[in-house]
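Q: Line order of the protein sequences matches chains Z and H.
Counting in numbering that gives the first Met the number 0, the first sequence runs from 0 upward without gaps.
Counting in numbering that gives the first Met the number 0, the second sequence runs from 0 upward without gaps.
Certain hints may be false.
What the hints assert, rightly or not - Listed next, the stretches of chain Z that the computed footprint assigns to chain H, with coverage defined by at least 3 CB atoms under 8 Å from CB atoms of chain H: (1) 4-10; (2) 21-31; (3) 35-49.
As the list claims (entries may be wrong) - Covered by chain Z, according to a simulated footprint, are these stretches of chain H (three or more residues, beta-carbon under 8 Å): (4) 46-52; (5) 162-176.
Unchecked claim - Not everything, but these chain H residues come out facing chain Z in the computed CB check (under 10 Å): (6) S12; (7) F28; (8) V61.
Derived from the structure by calculation, the hints contain no laboratory data.
We treat Cβ as the ideally placed atom computed from N, Cα and C, and that holds for glycine.
What follows is the residue order along each chain.
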Amino acid sequence: MNTDPAKNHLLDDVLADAAPPDFRADLLRLTLEQVQSRKHRRRRNRGLLAAACLLLVLAVAARLLSPPNARKPGPDNPLVVHSRPLDARMLVTTQPGGPGLVRSSASAIARITTSPTERMFDLVADDQLFALLGGRPAALVWRGPATAELVFLNPADRDGFPVR
Amino acid sequence: MREPPLSAPEIVSLTARMAGGDEEAYRRFYELYFDRLLRYLLVVTGNEQTARDALQPTLLRVVRHAKQFGSEPVFWSWLTVLARSSVADESRRSSRHLSFLGRFFEHEQLAANAPPNDADARLMELLEANLAALPAEERQLLERKYLAGEPVRQIAVETLTTEKAVESRLVRVRRKLKEMILAQLEHEH
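Bound-form chain H, shown alone (with noise of 0.2 Å):
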């Protein structure tokens, strides 16, 4: 489950111990922005694979910048910045054969097309426009599992089949929902 955003102090501490190079402060760092990180590249470049390839630089660039924050929504806007740059160089060494026009006004596009920093938002809605565009059983097994908080002993009972099954079944309409997901965020770029 995801944790609330730091207060003010929390974000300050933790900040300034990673500036310092504290170690355990990176590793509650990865905890609380690693899948916010990814989301918000999943965003920006609407592929999964181009998304991971940014994660790394995105975050060995906080490595090296890292400074103390007085705020988590500025320390969020930081960490978004240094994701467009790294989604930047990558579409740049990705694309070394096009002229530097082309890279100039890539690089433009990609500045201009930053999305907000409620990323997480863009993919609740795309999230829920999906849901509904899901097949009726389909859909009604995620909001089952998930809206309506049914273990997944209960749903294998009522519908007359096994956990593992059930699982199954959910692991193949998540994966399922995630394509279309990406899917829309792709052709948006």
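Only chain Z is shown next, with the shape it has when bound in the complex (with noise of 0.2 Å):
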């Protein structure tokens, strides 16, 4: 093969007219374009990952950071209650009618009864109640037409005292 540069020469120039001028620049404008384009999408890509990985340390430290306590059951961990029906011999029920009537009958009681007429006390004067105090000192006290009060000097005597 003849590698002259003079023929390399003369065959660019015959093939020249395969890619003209305008054909030449559209295709690397085209190209340039597409470089452009791609770069962007790798910068927006690379943006899109950082953002992610950047939430997922935080969201990874925010669960390490927070206290035991405040974390909830994972929900592989519930807490579940189980229940059953009570022993048929633990219940208390009622019947209707089954308990049986207490009745009073009116010959079982005793009926005490007082006669207006019939005097239970008697009337003494005051001479009469003093001597009943046998000495001891006392004054009655008159409040009204009607009421007196009885009143012991020795207070020892308001509690009572023997009689003869």
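Relying on the hints, combine the two individually framed chains into one complex.
A: Following this line, the structure appears as structure tokens:
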């Protein structure tokens, strides 16, 4: 093969028509647009990836730094309460008409009556009253026409004393 | 004029910058590989329009899958794989009426007919063969301009014509030579 630069030059010039200048320029422009587009896309993807990583790190950090009692129980360890019906022997039930009725009878009650005509007490005069005191010092204080109060002068007598 | 292939450190740097989305790196890549890829696609497809149609998706694939390479031959080999994939896709797109079996065999044929990485060598063979097949006057004009390196002005003086007329003749002869080469490539497919 002849690798003469002169023949290479001739070959280049012969085939130069195959790629007119405007075709060459258009193709370069399209290629550079594609390069820019890919560069922007790559930059955006890197940004998204960095943001996702940052969020992941923050989420992990928040989980590690939060107090243990603040954590919710995981769904794999739920608190399950099981119940079952009570035994029939443990139930207290009522039945209508079960207990018997208690009836009272008028003849079984003793009735006590008082007679207004029968005198159960005696009226005493002031002198008789003082005589009952057996010489203990006392005074009768009238508070109205029909109301009087017996006052023992000796406070010990107020609680009572033997009567002869 | 063509630049010599990049050294390993240069290709490592260039491809690393391309993988990082460096626009200047892509401009440099264009300078280095645009014509070479188009020539390769001309050999693969044998058709000028198809080659141009496949060049755009090839370059977009380069952007999409750019990665770092350690040597120029490996990088060029990767580029040719992308180019052949683009040709296959373009071919599939333009022949949707074919059955799946037909597309399968077409794809297989494309893979089997994949030229070696030295598509430039094939083009050079075709150039030399068709240059020899040109009429003597046209062949001599090209040889004086390109192989002997004579200036257009000198050719014009010696042929008793104007520089513009010489330039016009050169354009016509180069176009004729290109059509001969492409016709031969198309015939091979």
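Q: Quick one: which hint numbers does this structure break? Sort them smallest to largest.
A: When the structure is compared with the hints, only number 6 turns out to be violated.
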